[in-house]
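Q: Chain by chain, the residues:
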Amino acid sequence: MGTAPASRDVTSYGMGLAAPLALFFLVFFVAPLLQLLWLSLHNDTAGLHWGLGQYLHFLTDPFSLSVLGSTLLLGAEVTAVCLVLGFPIAWLYQRVGPRLQTIIILIVLLPLLTSVVVRTFAWIVILGRQGIINATLQSLGIVDTPLKLLYTQFGVVIALAQVQMPLMTLPLITALGRIDPNLDDASCSLGAGSWRTFFRIVLPLSLPGVIAGCTLTYAAAITAFITQSLIGGGQMLFMPMYLYQQASTLQNWPFASAISIIFLLAVLAVVSVFTTLGRMSRGYGGA
Amino acid sequence: MILNRRSLMTTALTLGAMKAFPELSYAQARPLVFATFTGSWEEAHKAVLVPAFRKANADAAIVLDPMLSVDQIAKINAAKANPPIDVMLHDPGPALVAIGQDLAESYPVEKSAYFKDLISEAQEPMGPAPFFQVVGLTYNPEAIKTPPTSWADLWKPEFKGRVGITNLNSTLGTGWLVEIAKMRGGSEANVDPAFKALEELKPNLAAVAANPGALATLFQQGQIDISPGNFNAIQILKARGVPVEFVAPKEGAIAFKTTIHIVKNSPNRELAFKLIEASLSPEVQTTLMNSPYLIVPTNSKVAMGGEIARVLAKDTAELKQKFVFQDWKKINEQRSAWIERFNREIKI
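Residue numbers (full-length UniProt numbering), protein chains in the order written: chain A, 1 to 287; chain B, 1 to 348.
Do not rely on the hints blindly, as some may be mistaken.
[As the list claims (entries may be wrong)] As a list, the in silico DMTMM-like pairs of lysine to aspartate or glutamate whose alpha-carbon atoms are at most 20 Å apart:
| id | chain 1 | residue 1 | chain 2 | residue 2 |
| --- | --- | --- | --- | --- |
| 1 | B | Lys-202 | B | Glu-345 |
| 2 | B | Lys-202 | B | Glu-158 |
| 3 | B | Lys-320 | B | Glu-333 |
| 4 | A | Lys-148 | B | Glu-158 |
| 5 | B | Lys-160 | A | Asp-61 |
| 6 | B | Lys-264 | B | Glu-158 |
| 7 | B | Lys-322 | B | Glu-188 |
| 8 | B | Lys-347 | A | Asp-61 |
| 9 | B | Lys-330 | B | Glu-158 |
Just so you know, the hints here were simulated from the structure itself, not pulled from any lab data.
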């Protein structure tokens, strides 16, 4: 690997430079993760008796499973909204002049420059009973009584979609930028309409960006503790809050560990589905 | 000044090391570390308690390290023999956890000048209570013209869709549930009546907040008009111009003891004792009782005044009569089951 014989193999690289980061990960990520796993394999809160009780408790409890299910579903909804709204922006970015490009990239990046707490509080102001949406609807006479937007699934999805949007848009911009614009023209000159061109040429070629964006958005949306609890409130329970409740309020660390391991595995499963799709799409895009 | 790669590297490494190992920058003996709570608690302690302590103890070094009770417990547990904190502050639930895990030292009562002056509920031998937190009804006086008088008012049909509560993660949420149980014939050991009452409250519920702080935001946004609330949190909102008022319900306002403890194996035991003494002293408690802090005192020598005398109690006798204290030992036994039940049953 790191050796340099007379005829050096140019396709192999020394691992030395990666060692500091690898060590960092080993000490601050892998070790705590193992500790978490170790703790989750205990039946009592003091961590004295070994057993799979915590996992059995979670996996046989319909309520816990429904929390997991609703969290995974929330992620899917947010990802879908981000994709549908983010794709046109990325597409537009590739087709406007440099000045507009700067403005678009600024608008996309702007949310990343403010804290997620600030962004979430802004959504409380927007979605509240006397918030911007309700005030507008009422003044236009569309509704009589204010709609309940805050503390609903709809509110959480919309707020999370805005908060996580850059994670979707940026990979899409990169992916769309790699597509040769001549392919569009070629497709059109061969008689395909613009929708056909989009679905047969642009979308397949941008799939790696779509997959990357979806993975990032999904992972960020389901773990967004702050936005979930501030917009969703205390009665909409998602996995991060469930975990927090067990660890922090109840000091039940073994169950909290088991919840996080199960959550981790569930997320890994979803991400690996995305990755598999990505691998398949690469074959498709290259064809 | 010439910057070359080497000098930049050295500086960067030094700064990095100081960030990663803050102990490097302290001298050998560590200053007294007081883990207070974040937010208004930290402000009040920085402005009043710390200067009083330093004045009485020849400018002894002290560091405030504000964090939640659970974090205090976790940090001390991680290094029991040489704890990074000397004085901890707790709500009643976590205080029992900390004492149960043998993290607190018993308070040297016989040495204390003020312990005997505390009202009897505050005289905890494992760590006295220098302050009370008080939970009553909070409402928006612009929307609700007749002030509520009882917890039962939350169930009035005119408050349909206007009531906010918090879930049981917080001391406030759990304490309130127990009070509702008592109102309907239950107790700390039996909160079934409270869950039945919550079922009936559902049409009125506009929000179940994830924490008491979120309740405050909901008042500000007009999302709710009435809720159980913390006296001090309401004062902060009022000072910001939000239309909210606090009333103690006729069943009694719920009082939580905030207790202060010397951490077991603390290397600064003597200074820790001195800091706690300062927090119990009538001088510090009087200053903290006045505006803008409005923290309810526990030393019976403190003469009640200002907003506290107006809204809560004129003297210690009235305070003891108007406040209800709860048995948190009993509450802790079943709290996890209640939280689980709340998770399942309260969906609006």
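Q: If a hint holds in the structure, say so; if it doesn't, say that too.
A: Hints, one by one, checked against the model:
A distance of roughly 11 Å separates the Cα atoms of Lys-202/B and Glu-345/B; the hinted pair therefore holds under the 20 Å criterion. Between Lys-202/B and Glu-158/B the CA atoms are separated by roughly 13 Å; this keeps the pair inside 20 Å, and the hint holds. Under the criterion of a C-alpha separation no larger than 20 Å, the hint pairing Lys-320/B with Glu-333/B is inconsistent with the structure, at around 26 Å. With a C-alpha separation of about 18 Å, the suggested pairing of Lys-148/A with Glu-158/B holds against the 20 Å cut-off.
For the hint pairing Lys-160/B with Asp-61/A, the CA-to-CA distance comes to about 33 Å; that exceeds 20 Å, so the pair is violated. The suggested pairing of Lys-264/B with Glu-158/B is violated, with an alpha-carbon distance near 52 Å, which exceeds 20 Å. Between Lys-322/B and Glu-188/B the alpha-carbon distance is near 19 Å, which keeps this suggested pair within the 20 Å criterion. Annotation: proposed proximity of Lys-347/B to Asp-61/A holds, straight-line Cα distance about 18 Å (limit 20 Å).
Restraint check: the Cα-Cα separation between Lys-330/B and Glu-158/B comes to about 35 Å, which exceeds 20 Å; the hinted pair is violated.
Checked against the numbered hints listed earlier, the structure breaks hints 3, 5, 6, 9; every other hint is satisfied.
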